[in-house]
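There are 2 protein chains.
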Amino acid sequence: MIMIRENFVQENMEKFSSQSKNCSSFFQLISNKGIRQGQFNIRGKVAKTPLFMPVATRGTVRGVSPSQLKEIGFEMILANTYHLHERPGEEVISKLGGLHRFMNWDGLILTDSGGYQVFSLSNYRKVTDEGVVFRSVLDGKEIFLTPEKVLEIQKKLNSDIAIFLDECPEYPCSAKREEESLIRTLKFAQSSIKVEKNPGQLFFGVVQGGMNFKLRQECVHALLSLGVDGLAIGGLSVGEEPSLTKEVLLATLEVIPPDKPRYLMGVGSDILEYIKMGVDMFDSVFPTRIARHGSAILYNKGRINISNKRFKEDESPLDEDCDCYTCRNFSRAYLRHLFVCGELLGKTLLSIHNLTVLYKTVRALNS
Amino acid sequence: MIMIRENFVQENMEKFSSQSKNCSSFFQLISNKGIRQGQFNIRGKVAKTPLFMPVATRGTVRGVSPSQLKEIGFEMILANTYHLHERPGEEVISKLGGLHRFMNWDGLILTDSGGYQVFSLSNYRKVTDEGVVFRSVLDGKEIFLTPEKVLEIQKKLNSDIAIFLDECPEYPCSAKREEESLIRTLKFAQSSIKVEKNPGQLFFGVVQGGMNFKLRQECVHALLSLGVDGLAIGGLSVGEEPSLTKEVLLATLEVIPPDKPRYLMGVGSDILEYIKMGVDMFDSVFPTRIARHGSAILYNKGRINISNKRFKEDESPLDEDCDCYTCRNFSRAYLRHLFVCGELLGKTLLSIHNLTVLYKTVRALNS
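If you read the protein sequences in the order shown, they are chains P and C.
For what it's worth, the UniProt record's numbering labels the leading residue of the first sequence as 1, then goes sequentially.
For what it's worth, the UniProt record's numbering labels the leading residue of the second sequence as 1, then goes sequentially.
So that you can see chain P by itself, here it is in the shape it has in the complex (with noise of 0.2 angstroms):
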């Protein structure tokens, strides 16, 4: 088996090379030394990393103002291809002028590339090397999305950072299965790279390659030869545990050049560990959805519910070492009261602090 990988590798790899290009310019590493720094310079925006992404799914972070995401610090956020798609559609969007000026967002977008809802929402699918038919969550109509296609989606949207179609493997799975979804996310990467990106977007490919390192490495290899801008890592915090994870990330890592931006795709836990490790850049929906349920990080203190009684008369704000709006203006006892009356602008509020703790507590590795 492991024959087959190595041919398939070598095969491959002569015809990704020829395709390797030289995009280093974006992306400037600052230091390596203990904790990696860099900056982006994308379209003449700036994004430091580490940096933390909050999910725009459907072009908006739920419950929060571009202006407050802006007042919070974030300078990069992330939107998904697949629910853009389903709607409104990227030819509203692209007509409409891009997601920026759509969701006016002047700050740097990175879509994904729809690949995981497509693995996660939908119950039927078909995938070949060509791409993957599905039935679509919202009216069980058939789609059918190629390499090339989600990248025109993306293009159309007008990202600052498209990523590459790719087939994440189920967890756990056989060795068989990790090795061709491998292949198949190397095939989808080939097609990929052909299309030729709008003026400025940098395209990521996918690492997948299951729980083997050896798979996951070579991989990393292939799309490097074949010129990617960046690197996403998928795959990982899909059931297995912590430390497996940590050690397939490692793995992963350990082959990356310093110069190349290194995603870790859809992981809000365990961020500071990973950033140590060499990982640039997170998204996660994590922050947002627990403050739809009342749920406040705390700098350092885990975790609070606030429409538990006893923050009933509370006046203290609910994180004291906090300074952002919902901190410097409210107390636990009024937003346990919001919470408690079912009010939006308790989820608003709780949202708009997790992310203040993700963004500083990222961005305090980086300044």
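In case anyone wonders, no lab produced these hints; they're calculated from the structure.
Keep in mind that this is a model prediction, so the values were computed, not measured.
C-beta: ideal position from N, C-alpha, C; glycine also.
Among the hints, a few may not be true.
[As the list claims (entries may be wrong)] Just so you have them, the derived chain P footprint on chain C, three or more residues with Cβ under 8 angstroms:
(1) 84-93
(2) 96-110
(3) 129-137
(4) 309-323
Got chain P; can you put chain C on it based on the hints?
Coordinates of chain C only, in the frame set by chain P:
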């Protein structure tokens, strides 16, 4: 029947007169020609009239932050005594420094008496001259509200303007019922006026009397002789023809001295007409409630429902004549998208717009 009424008012007039006070320093009538223009100055805070108050039912204008209300320009808001009594309770709010501090609103606050909620929300109720017994809409628990009790609650909330308990008759109802509820409202007012105000707080009496002009006018006289600081006009827009509303309102306003502020309770439509008739203050959940359902009020152009398909690619702002945060920053297409996807931000953005239209429309008359 008229005899009985006249006797009642006659008898009581003397009692009322002895309690009369001069309370006009807090309200200055600036112009009485054409549109009435005035200015509140309560506890060092100013609010120009005519004014529209957004409704912060449970200590929050649904989906809108206090900073957003401030940015629109509001100087006074309304909060519901009954709802705040239920949750979190006036004791909690009092411990936390009063309603202003609790909800972080540094403008003026008017609280209603809770009387309207008693009559509109509760199926079971028993009204006597002492007060009202009814079942909590939250847990069915029996609640006994007296004229003194509703003022004690409002004193604990420490609102700037507190309203007396009243009895609002059903519509339509018999002449006898109109008179009975008027008599009870005045008895409540007699008990209410004896309650000592918080420093700087104002007490408004409620004008009832059904659709009977004479009863309405007698009610005004009686309340004035009690020495109320202003008049809240209740029991209108309860199902009667708009032409009747106007006739009753005119008859009521006719007998109110020019220096007394007049607040038309819970009426959110035809505001401009009522202002021209001499009303100073309004409140209504209407603009925020319809906003949460996607309905936007346009300046002088009626309403649109933003979820409508025709806005799918409409890149113009919600209202070209508006400069609110929403209209400055987002297209109709984006707002439609937010509503189609059920995104919270849509509710907030439309609420901001609708409140701005109400604010500016009324404000245009007093600047």
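The hints, checked one at a time:
1. With 3 residues having a Cβ less than 8 angstroms from any Cβ of chain P, the region 84-93 of chain C passes the three-residue criterion, so the hint holds.
2. Check on the region 96-110 of chain C: 5 of its residues sit with their Cβ under 8 angstroms from a Cβ of chain P, so the three-residue criterion for coverage holds.
3. By the rule of at least three residues with a Cβ nearer than 8 angstroms to a Cβ of chain P, the coverage given for the region 129-137 of chain C is violated, with 0 such residues.
4. Requiring three or more residues with a Cβ within less than 8 angstroms of a Cβ of chain P, the coverage given for the region 309-323 of chain C holds, as 3 such residues are present.
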